[in-house]
Amino acid sequence: MEVFLQQLINGLTLGSIYGLIAIGYTMVFGIIGMVNFAHGDVFMLSAFIALILFIALQQFFGFDALAPSFVIVLFASMALTGLWNFVIERLAYRRLRGSFRLAPLISAIGMSIFLSNFVYVAQGPRNKSAPPMFSEVIKLTSGGAYDVTLSYKQILIVVVTAVLLAAFWFVVQKTPLGRAQRACEQDAKMAALLGVDVNRTIAATFVIGAALAAVAGVLYMLYYGVVNAADGFVPGVKAFTAAVLGGIGSIPGAVLGGLLIGLIETFWSAYFSADYKDVAAFSILAVTLIFMPTGLLGRPEVEKV
Amino acid sequence: MAPPQAPSPTLLRVERMSMRFGGLTAVDDLSFDVRRGDITALIGPNGAGKTTVFNCITGFYKPTSGRISMAPDGAIDSAALDALTRSGARGGEGLHLLERMPDHEIARDARVARTFQNIRLFAGMTALENLIVAQHRPLMRASAFSLAGLIGAPSYRAAEQAARDKARDWLDRIGLTARADDPAGALPYGDQRRLEIARAMCADPVLLCLDEPAAGLNPRESAELNALLRSIRDDGTSLLLIEHDMSVVMEISDHVVVLDYGRKIADGAPAEIRADPSVIAAYLGVPDEEVAAVEQEIGA
Amino acid sequence: MAETSSVRAALADAARYGLIAGALAFPILALRVEPDFSNKLVLETRWSWMLGAAIAAFVIRLVLALAPARAARRTLATAVDAPSAGGKTATRAIAAFGLGLIVAWPLIVLFTFGPAGALKWIDNYGVQILIYVMLGWGLNIVVGLAGLLDLGYVAFYAVGAYAYALLATNYGVSFWLCLPLAGILAAFWGILLGFPVLRLRGDYLAIVTLAFGEIIRIVLVNFSALTNGDAGIASIPRVTFFGLPFIAGPKGFAAYFDIPFSPIHRVVFLYYLILALALVTSLVTLRLRRLPIGRAWEALREDEIACRSLGLDTTKIKLTAFALGAMFGGFAGAFFAVRQGFVSPSSFNFVESATILAIVVLGGRGSQIGVAAAAIAIVGGSELLRELDFLKQIFGDGFDPTQYRMLLVGLAMVVMMNWRPRGFVSSRTPTIFLGERKTIAADLVQEGRG
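Protein chains in written order, with this note's numbering: chain A, 154 to 458; chain B, 2 to 301; chain C, -18 to 431.
Just so you know, these hints were derived from the structure itself, not from any lab. Any given hint could turn out to be false.
Computed list of lysine-lysine pairs in DSS-like fashion (alpha-carbon distance at most 27 Å, straight line) [to be verified]: (1) A:Lys430 - A:Lys342; (2) A:Lys306 - A:Lys327; (3) C:Lys373 - C:Lys101; (4) B:Lys63 - C:Lys297; (5) C:Lys419 - B:Lys167; (6) B:Lys167 - C:Lys232; (7) C:Lys232 - A:Lys306; (8) A:Lys327 - A:Lys342.
Remember, predicted model here, so these are calculated numbers, not experimental data.
If we strip away everything but chain A, and leave its shape as in the complex, we get (with noise of 0.2 Å):
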């Protein structure tokens, strides 16, 4: 029972991190019809932002005040982050737009391949583990035969992730952007004739993605408090296996698979086999694509013919 809930717990905060990662994979896919592959290398190089400036304001200012520069350093590395995936997209996917359909993810699989790499070169092979933020914890139940714990980090997390989320809701329904892109998404050339500057509602839609990656990012170097420029590829898969899970090109749905994908990945480690984590993963993708392509919410597709 006390694993059960402190898996269930992990699990949460781990899903919450994979739910923001997939909500750009489902809006982009959405609104373009791509698999933008390199969203979990942008993911990756938003922990690496953010792990810098967190140091930054520790070494060069003497900032050391967690709570203030965790905000601080929150919304700069949604910043930085966004505007990379601006220029990516403007740079590397905004002119396949009109090619086959292959072109745009073949351009992200190098897209992938060249930011990992970057990180790689500018910031070298070695792990770099961050100091303990938040490391203080609730012990929720204690006599048993092991304590559940509940840690700052966790619920920071959650709570992030909420909010963000709330926020994120709020400009996806509420606001014209979230109007033009749904627009695109439905007709991209009609929205274009009743006036909707689509290139710009593609890249603010790669900007958001981008920043809620960057969330998940920072989230991900305080949870785990080890970065790596490898860390891009195997959670960039999973929050795509959480998108497609959830029904790819539907928002609650990236957030729905998020949180089944890191439940599941919590509890297949706990209770069948922590060597084959990644490869349950892997299947629940395979599966999924093969027996379900429309996921949980997704919308069924009709082959035009």
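Since chain A is already given, all that's left is putting chains B and C on it; use the hints.
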């Protein structure tokens, strides 16, 4: 009065077919027959569900309900059809249930070939290659699944020569021999339409389904097309076509089925259809009451 | 007047790019985190890197804006796209010359550098490149002809390598028996994995093949009882000259042919072995392309729906492409194992799949010569990076040019997709003709509907 003829046997029968996409009913309880040796036209205003009917017949969509049967070599026999339906099999003894078959088997076994509203040629392959690909099955058999072909066996060479001759005949018939080695995607629009028909014919169909073959053709091309379609029919392949151009429909078809909002509103010879007030109403958008008034006036 | 204002506009534009590049470079390039001796992270500043990035962006943008880029691009594109009658004979001459050079390569370098100096040139620049040429040609069947994006190709390479490694170390099965077995096993895995996934849309197919590739790698890592995990399988029997081992003793190859023993014999033999395997791959592919199955692959790439409307069983056709590609991957894998004498899961990660894919994508999907050229450029290029050690004197000891290999590969993929999305050699030759065989320009050839 033309002397009454014994009706030719039924080749394709659609019975009570419906197709729904989510909440939208594209085709509603549709039944009609296609007779051997006929050119049957499926007409109706935009959005009437004609292409959906085509996609159901050729297996690209699975109808929500209903039965589509095809007898490539003989005639549809109701008793045999019911027995086949009960047996749960896809087909047998010259009878096929298309709603149970995947698309490529419909083309291969039930011998229904089709063209597409937005032409689907293999754009980067030459006109000749397009016609050779359509003869995949006999060539594949002759190449013994590539083994005989790999070693260049004479039997395969002969088969390839035969396929090339057949393709050349079709290129001659559609007047594209000179452009045989040009990529299909580089041909003018009207040529592409004819090439797509020739390609479908190279697959050796019993029933050829054409989705708006005259769309975008100029009057001269349209007349050539009519002649081509008639010659295909006279050579023994039945045709089912979707068409907007009434002059084409009235000129070449033997039998017309009219759809409106997914339902059949008329079914008969072109002359009957031309006079049918509900068809006129569907095309002109006249409200039902007025149709009733007109019907009363003419005593229908 | 117009001239100066356009220059001024270009300058302003380039300055904007420079600024953005500077901003992007700010934390990630300008500040490097490294743990100090107490394992606490500290930052090193490298403002010069940031400045360099900004200046590079500024200069590149300015050059692109001022150079008559479009005109240049057009002439180059037409030159490559539409080889005239003369161009065609030139292509054939280049191919013949290339093949001759490749066949004679070991002799040329032996003659030039002597046995000791030639080793590196035959092994690193010969065998290593040819492995990738073969893998590229194998994947080209799947990606280039059939238009299916396979991101897990390395899995079949791994199946072949492990098949030989396990059969040879556990049961002592000879390489010459294992080679066909490895191909058959890989093809079998190709069918097994391909069957459920081949009805998927192109981009989903790519992702699922990626997932399968990773699953196979993780299983190789964790199924230690069979595979010895991360440590891999060592002391795999080396290649023999059809039974004669390349050893110094009296039973060796050198003694049998009564020549002085030299380690170069084995390397030269490996070179010709992989060359033969690669040529078989290419010849079979070229031959199949002119058979119904090959035409069906290309038709599938052009338009899958039209294929189905003509009665082609697209699942089966995809499966044959997948299985055949896998088989050649399996052959290459067995060769890899016998060459290295050691296999471990780290040789079969996603980066490897991506490299092979990059070779096919850059070379031009469907083109044999393009793929070979891309393999030479990418693999030979990364070997060349190793030679650039002298750059350490400029950039300091920490500079390792080989680190830039994948960085450049990734960048090349992005640039190629934007510049020539169909790859360098992108025209297509018809497989059958009535009058004359005309090359088909790239813009008509489809790349798989995805």
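Legend entry - Violating hint indices (sorted, rising): 1, 2, 6 and 7
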